[in-house]
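Trainee: Top to bottom, those sequences are chains A and B.
For what it's worth, our numbering labels the leading residue of the first sequence as 1, then goes sequentially.
For what it's worth, our numbering labels the leading residue of the second sequence as 1, then goes sequentially.
Hints were generated in silico from the structure; no laboratory data involved.
Take these hints with a grain of salt, some might be off.
[To be verified] Footprint (simulated), chain A over chain B, 3 or more residues, beta carbon under 8 Å:
{"hint": "1", "segment": "130-139"}
{"hint": "2", "segment": "168-176"}
{"hint": "3", "segment": "236-250"}
{"hint": "4", "segment": "281-287"}
{"hint": "5", "segment": "290-302"}
{"hint": "6", "segment": "396-409"}
Only a predicted model underlies this, so the values are computations on that prediction, with no experimental measurement involved.
Glycine included, C-beta positions come from ideal geometry on N, C-alpha and C.
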Amino acid sequence: MARKNIQTKTFEESFSRLEKILETLEGDDCTLEETIKLYEEGLTLTKVCYDRLNNAELRIKEINKSIKGDTEIKDYK
Amino acid sequence: MMQENLPNILTVSELNSYIKLLLEENFSFVHLIGEISNFKVHSASGHYYFTLKDEDSQISAVMWNSRNSALLFTPQDGIQVVIKGRITVYGVRGSYQVEAWEMIPQGAGDLQLRFEQLKQKLFEEGLFDESQKQPIPKYPENVVIVTSRTGAVLQDFIKITKRRYPIINVYLYHVQVQGSGAVENIIWAIKDIEKLCRFNEIPKIDTIVIARGGGSPEDLWTFNSEKLARAIFACKIPIVSAVGHEIDYTICDFVSDLRAPTPSVAAELITPNIEELIESLDKFSYFCRSFVQNKFDNLRNSIREIQKSYYFNRPKDTIYGFFQQLDEVSKGIEIAVKGKFSNLKNQVKLYKRTLHHVSPDNNLKKGYAIIRKKIELDDLRLQFEFNKIVTRASYLKKEEEVEIEFHDNKKQAKIIK
């Protein structure tokens with residue numbers, strides 16, 4: 001369940017979650033159980049983020065309108 | 001007499017005073033058309049000093065700070081203006097100049113005026129308010145660039161996004177960026193993008209960039225359209241305006257959620273830098289690990305401390321105390337019980353001895369004898385074993401058989417008398 005959530009997160013969500021985790025870990029109110037849980041989540045998220053960054057390739061698409069007003073979206077060039 | 005023939009000699013000051021009076025009286029109100037040149041703003045006072053000229057002639061001009069602050073545009077060299085004012089003479093230098101009260105640009109300057117007036121109007125309506133600006137997403141997934149599909153702007157934009165943040169999807173919405181129809185074209189594009197998002201024909205768009213390369217003020221005029229400004233203001237998707245060069249400001253820039261000086265800078269403003277992100281991730285991994293490591297170390301140390309602490313060890317002491325007490329008590333019990341037993345044993349021994357003295361057996365040894373007779377059950381007249389001890393002589397009749405038990409044996413006897 002949690003794993004699936006991690007995979008479907010946008011990069012922004014993942015990244016801000018990471019920042020949040022770090023902040024929580026830095027704080028003093030974190031129990032041991034929470035620390036371990038957050039640490040695991042953080043590692044998974046880091047991996048997901050790394051993967052996304054390392055395998056990224058810019059995709060460019062063009063939105064075309066026909067004379068009738070229909071929309072066609074195709075790869076640019 | 002001589003003096004009467006002499007010409008009337010004036011001092012310089014006197015002459016300048018006459019001229020001043022003459023000119024200022026006769027030209028106390030003039031309308032003057034000319035081109036601005038040599039325009040300067042005095043840095044300290046804010047007064048405008050410039051020259052107004054036509055093909056053949058020129059005149060110095062001044063516009064005081066108190067007047068020029070009401071202008072809706074900043075005058076520039078080369079602009080044709082109509083000035084309303086008067087002629088003044090500056091006696092100190094013996095020069096005359098036009099003092100301008102109002103200035104209305106003509107031709108190209110007219111665009112400037114319209115620009116300033118529209119800017120003022122929209123500003124007063126609150127279209128430029130910071131509170132109305134939408135934040136630009138830090139990590140966009142999908143962006144649309146509204147620009148011409150031909151031209152360097154798009155290529156520059158793609159190049160920079162590719163380098164900085166290749167994660168995103170870039171959508172190109174081709175529009176005409178100048179000339180008649182450009183305004184409607186761009187307005188249509190903005191509305192269409194919102195519509196396409198709403199009907200899920202394209203994914204959720206994080207940012208729209210409206211871009212155009214540099215050009216003359218007339219070329220960029222499209223981006224000073226009031227209608228376009230209102231369309232940008234109404235758009236729910238954050239819009240970045242990237243029109244012309246750094247020095248070019250358009251209404252579009254003011255009303256957009258963010259102004260980028262150039263299209264290339266726009267590409268940088270809307271994307272995070274992938275290298276910085278990777279660096280942050282590295283840092284995160286490192287910090288995350290070290291925090292957790294520290295936490296564990298700290299906890300481990302705390303546990304050790306607690307184990308060693310006096311208070312934590314007190315229960316143990318108490319337990320040992322109880323043990324000791326228990327041992328003492330149980331020893332006491334043992335001793336007490338043992339004592340009691342041996343007492344009882346002794347007593348039993350004593351009783352046994354006493355009993356021995358008085359036992360029948362002992363008495364028999366001394367010469368006593370036990371006489372038994374047979375029991376007679378009256379009604380049946382049956383005789384049994386010798387089983388009834390005779391304790392009185394009167395219990396025995398003449399001729400009755402008895403058994404005498406001695407220490408060593410038993411003997412049968414008969415009563416004679």
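Trainee: Please go over all the hints and tell whether each is borne out by the structure.
Mentor: We went through each hint and held it up to the structure:
For the segment 130-139 of chain B, the proposed coverage by chain A is satisfied: 3 residues have a C-beta within less than 8 Å of a C-beta in that chain, meeting the threshold of three. With 7 residues bearing a CB less than 8 Å from a CB of chain A, the segment 168-176 of chain B meets the requirement of three and the coverage assertion stands. Against chain A, the segment 236-250 of chain B contributes 0 residues with a C-beta closer than 8 Å to a partner C-beta. That does not satisfy the three-residue criterion, and the hint is violated. Closer than 8 Å: that is the beta-carbon criterion, and the segment 281-287 of chain B has 4 residues meeting it against chain A, so the requirement of 3 holds.
With 4 residues having a Cβ less than 8 Å from any Cβ of chain A, the segment 290-302 of chain B passes the three-residue criterion, so the hint holds. A stretch counts as covered by a chain when three or more of its residues have a beta carbon under 8 Å from one of that chain; for the segment 396-409 of chain B and chain A the count is 0, and the coverage is violated.
Taken one by one, the earlier hints fail for this structure at numbers 3, 6, listed in ascending order.
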